[in-house]
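Starting from the given sequences, assemble the full structure and let the hints guide the process.
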Amino acid sequence: MADITNTGADFVPTQARPAPASVRPGPMTWLKENLFNTWYNTLFTLGGIYLLVQTIPGLIDWFFASALWEAAPADACKEIAGACWAFVYEKWRFILFGTYPFEQQWRPGTAVVLFIGMVVISCMKPFWNKSLLVIWPVGLAVTWILLSGGLFGLDHVPNNLWGGLPITLMLAVIGAIVAFPVSIALALGRRSNMPIIKAFCVGYIELIRGVPLITVLFMASVMFPLFMPEGITIDKLLRAQVAIIMFMAAYLAEVVRGGLQAIPKGQYEAADAMGLSYWQAMVFIILPQALKITIPPQVNTFIGMFKDTSLVLIVGIFDLMFTMRVAINDLEWRAYYLEGMVFVAILYFIFCYSMSKYSQWLEGELHRGHKRL
Amino acid sequence: MSATAPAETAASTMGSHDVITMSGVNKWYGDFHVLKDINLAVKSGERIVVCGPSGSGKSTLIRCINRLEEHQEGAINVDGIELTDNIKNIDAVRAEVGMVFQHFNLFPHLSVLDNCTLAPIWVKKQPKAEAEATAMKYLERVRIAEQAPKYPGQLSGGQQQRVAIARALCMTPKIMLFDEPTSALDPEMVKEVLDTMVDLAKEGMTMLCVTHEMGFAKAVADRVIFMDQGEIVEQNEPNAFFDNPQNPRTQEFLNQIL
Numbered sequence: 001m002a003d004i005t006n007t008g009a010d011f012v013p014t015q016a017r018p019a020p021a022s023v024r025p026g027p028m029t030w031l032k033e034n035l036f037n038t039w040y041n042t043l044f045t046l047g048g049i050y051l052l053v054q055t056i057p058g059l060i061d062w063f064f065a066s067a068l069w070e071a072a073p074a075d076a077c078k079e080i081a082g083a084c085w086a087f088v089y090e091k092w093r094f095i096l097f098g099t100y101p102f103e104q105q106w107r108p109g110t111a112v113v114l115f116i117g118m119v120v121i122s123c124m125k126p127f128w129n130k131s132l133l134v135i136w137p138v139g140l141a142v143t144w145i146l147l148s149g150g151l152f153g154l155d156h157v158p159n160n161l162w163g164g165l166p167i168t169l170m171l172a173v174i175g176a177i178v179a180f181p182v183s184i185a186l187a188l189g190r191r192s193n194m195p196i197i198k199a200f201c202v203g204y205i206e207l208i209r210g211v212p213l214i215t216v217l218f219m220a221s222v223m224f225p226l227f228m229p230e231g232i233t234i235d236k237l238l239r240a241q242v243a244i245i246m247f248m249a250a251y252l253a254e255v256v257r258g259g260l261q262a263i264p265k266g267q268y269e270a271a272d273a274m275g276l277s278y279w280q281a282m283v284f285i286i287l288p289q290a291l292k293i294t295i296p297p298q299v300n301t302f303i304g305m306f307k308d309t310s311l312v313l314i315v316g317i318f319d320l321m322f323t324m325r326v327a328i329n330d331l332e333w334r335a336y337y338l339e340g341m342v343f344v345a346i347l348y349f350i351f352c353y354s355m356s357k358y359s360q361w362l363e364g365e366l367h368r369g370h371k372r373l
Numbered sequence: 001m002s003a004t005a006p007a008e009t010a011a012s013t014m015g016s017h018d019v020i021t022m023s024g025v026n027k028w029y030g031d032f033h034v035l036k037d038i039n040l041a042v043k044s045g046e047r048i049v050v051c052g053p054s055g056s057g058k059s060t061l062i063r064c065i066n067r068l069e070e071h072q073e074g075a076i077n078v079d080g081i082e083l084t085d086n087i088k089n090i091d092a093v094r095a096e097v098g099m100v101f102q103h104f105n106l107f108p109h110l111s112v113l114d115n116c117t118l119a120p121i122w123v124k125k126q127p128k129a130e131a132e133a134t135a136m137k138y139l140e141r142v143r144i145a146e147q148a149p150k151y152p153g154q155l156s157g158g159q160q161q162r163v164a165i166a167r168a169l170c171m172t173p174k175i176m177l178f179d180e181p182t183s184a185l186d187p188e189m190v191k192e193v194l195d196t197m198v199d200l201a202k203e204g205m206t207m208l209c210v211t212h213e214m215g216f217a218k219a220v221a222d223r224v225i226f227m228d229q230g231e232i233v234e235q236n237e238p239n240a241f242f243d244n245p246q247n248p249r250t251q252e253f254l255n256q257i258l
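Taken in sequence, the protein lines are chains A and B. So the first sequence is residues 1 to 373, counted in our numbering. So the second sequence is residues 1 to 258, counted in our numbering.
One or more hints might be untrue.
[As the list claims (entries may be wrong)] If you want the ones that stay clear, here's a sample from chain A, every Cβ over 12 angstroms from chain B, calculated:
1. T14
2. T55
3. Q105
4. G149
5. F180
6. V182
7. R239
8. M274
9. Y358
[Stated by the list, open to error] Derived coverage of chain B by chain A (criterion: at least 3 residues anywhere in the stretch with Cβ under 8 angstroms from a Cβ of chain A; other residues may be distant):
10. 95 to 103
11. 115 to 126
No lab work stands behind these hints, which were simulated from the structure alone. Yeah, the Cβ is synthetic: ideal placement off N, Cα and C, and Gly gets one too.
Here you go:
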C-alpha cells in the first residue's frame with residue numbers, strides 16, 4: 001500500500017457532501033415513479049382505478065348507505081335496495097346459539113366469553129406457566145356445567161340442542177389442543193427406528209390424509225356405532241370431536257415432521273455427544289426448534305380446520321354455519337341469505353385473522369438473535 | 001502461528017495407562033471401506049493431532065470414539081468401557097467424552113448459559129445453581145463469561161466455538177474430541193480458539209484433535225497421526241513427523257499444506 005498523496009502534511013478532511021434535498025419522495029413523485037413510470041404501468045393503474053370505482057361504491061352503498069340498520073319485520077326490507085340487517089337483528093341469537101332454549105341462552109353466551117377468555121389468556125406470555133394447568137381444567141368444567149346444566153340449579157340441556165358458535169369454537173379449540181400432542185407423537189413415530197411404531201404412524205397418517213374429512217365424520221358417527229356392543233352409545237358430539245382430532249392430528253403430524261427434518265444434523269449430534277437421552281434431546285433441543293419454525297404452517301392448518309368444522313353439519317350437528325343455514329330457511333326471510341352469509345363470514349374472519357396475527361407476533365417473540373440455521 | 005506451549009510439558013502430565021484403545025477397527029459406509037484395521041492406543045493426558053486429506057476417515061475415526069458413528073469390526077474401549085450396542089455403555093462413554101464440532105452445533109434457542117448447563121442438569125443430575133456456577137467458571141476460562149445471557153446467534157464464530165468448548169468442559173470430561181474446530185472460522189478468529197485449546201492442553205486434558213493447524217500440532221501435540229484412505233499411514237511425535245516424514249504419502253500431503 002503505497003502512500004501517494006499525504007507526504008507528512010496535516011490531515012485535511014474532505015468537505016462533506018450536502019444533505020439530499022429530501023430523503024423521502026413527495027406523494028406526487030412517488031405516484032409518478034411507482035404507478036405511472038411506464039406506459040403499461042399507467043394502463044394497469046388506470047384499469048385498477050376503473051375496477052375499484054365500479055365495485056367499491058356499490059358495495060359500500062349496499063352494506064351501509066342503503067342498508068336497513070334496525071330491527072324491523074321482513075316486509076320492511078322489501079323497499080330497501082341495500083342489505084337487510086334486520087335479518088341479523090331477528091336471527092342473531094339463533095345463528096349464535098342454535099336451538100338452545102331461548103330464555104337460557106345467557107348460558108352458552110357466558111360459556112363462549114369464558115372459552116375465548118381462556119384461549120386469549122393462554123396466548124399471553126405472563127400465563128405461560130403452571131397456572132394454565134389450573135385454568136384449563138377449571139375453565140372447561142365451568143363451560144361444560146354452563147352448557148349442559150343439571151348442577152347448581154341449572155336445567156339440564158342435552159347436547160343435541162346445542163348449536164352455533166359454542167359448538168364451532170369447542171370443536172376447533174379442543175380439537176387443536178388435543179391434536180397437537182398427538183401430532184407430535186405421530187411425527188416422532190414416523191421417524192422412529194422401531195418398525196412397528198413407524199409402520200403404525202405412517203399407516204395412520206396416510207390413511208387419514210387420504211380420505212376427506214366428511215368420510216372420517218361419517219365413519220365416526222354412522223359406522224362406528226355399528227361396531228359397538230349393543231346398549232353402549234357414545235355421544236354424537238363426542239364422536240365428531242374425536243373425528244376432528246384424528247383428522248387434524250394427521251395433518252399437523254406432517255407439518256411437525258417437516259420441522260423435525262429441517263433441524264440440522266449437528267443439533268442431534270451435539271445432543272448425542274453430550275449424553276442426552278432420546279427424549280431429553282427431543283424435548284429440550286429438537287422440538288422447541290422444530291415447532292418454532294413450523295408456526296406458519298401449523299397456524300395454516302389450525303385456520304383450515306377451524307373452517308372445516310363446518311362440515312359437522314352432515315352428521316347433524318348445529319355448528320355456526322349450519323344454524324345460519326337453518327335461519328335463512330325461514331320462509332319470511334329467505335330472500336336475505338346474503339346478509340346471513342356475510343354475518344357468519346365476518347365472525348369466521350375475526351377468529352381466523354386473530355389467529356394469523358397472533359402467529360406473527362409469536363414468531364417474533366420466539367426469535368432468538370440472528371440465527372444462521 | 002499462535003500456539004506457543006512447549007511440547008515438553010506434555011510428557012510430564014501424561015499418565016501411563018491407556019484411556020482409549022482401538023484394536024482392529026473396521027468400518028464401512030455401504031461398500032465404501034472408510035476405516036481399515038485401525039489400531040490406536042491413547043494414554044491419559046496425551047494430545048493427539050489427526051491429519052490427512054479430506055475423505056481419509058479422520059473425522060469418522062474420532063466420531064467412533066463417542067459412537068456418533070458405529071464401527072462394524074474390532075473393539076473400541078474408552079476409559080474401561082467397551083463400546084457396543086449397549087445403550088448404557090454408550091451413555092457412560094458420552095458422559096466422559098466431550099466433543100467440539102466444526103460447525104459449533106450450539107443450540108440456537110438457548111442462551112449461552114443454558115447451552116452449558118443443559119447436559120450437567122439433565123445427564124449428571126446436578127442442581128441448577130451448581131451447574132450454573134460450573135458453567136460460569138468454564139465460560140470465564142474461555143474468556144467469554146460476559147456473553148452468558150446472550151444467544152448463540154448474537155456471537156461471532158470464534159466466540160461460538162469457545163462457548164462450544166466451555167459447554168463440553170461443563171460435563172468435566174476425561175477426554176476431549178475436536179473435529180476440525182477452526183475450519184469453519186474466519187481467519188482472524190482461528191487464534192482465539194486455538195489459544196483456548198492450548199490452555200486446555202497445558203492443563204493435561206486428553207485430547208484428540210482433527211485439524212490442519214500444523215502450528216498447533218507442533219506446539220501442543222505429543223503425537224501426530226497421518227491418515228489416508230481409511231488407514232493410519234504414519235504416526236510420530238511432531239518434530240520427527242514434520243521434519244522427517246517416512247511414508248511418501250505423508251511427504252506428499254505435507255508438501256501440499258506446508
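Quick rundown of the hints versus the structure:
| no. | hint | verdict |
| --- | --- | --- |
| 1 | T14 | holds (30 angstroms) |
| 2 | T55 | holds (47 angstroms) |
| 3 | Q105 | holds (46 angstroms) |
| 4 | G149 | holds (46 angstroms) |
| 5 | F180 | holds (19 angstroms) |
| 6 | V182 | holds (23 angstroms) |
| 7 | R239 | holds (39 angstroms) |
| 8 | M274 | violated (4 angstroms) |
| 9 | Y358 | holds (20 angstroms) |
| 10 | 95 to 103 | holds (count 6) |
| 11 | 115 to 126 | holds (count 4) |
Checked against the numbered hints above, the structure violates only hint 8.
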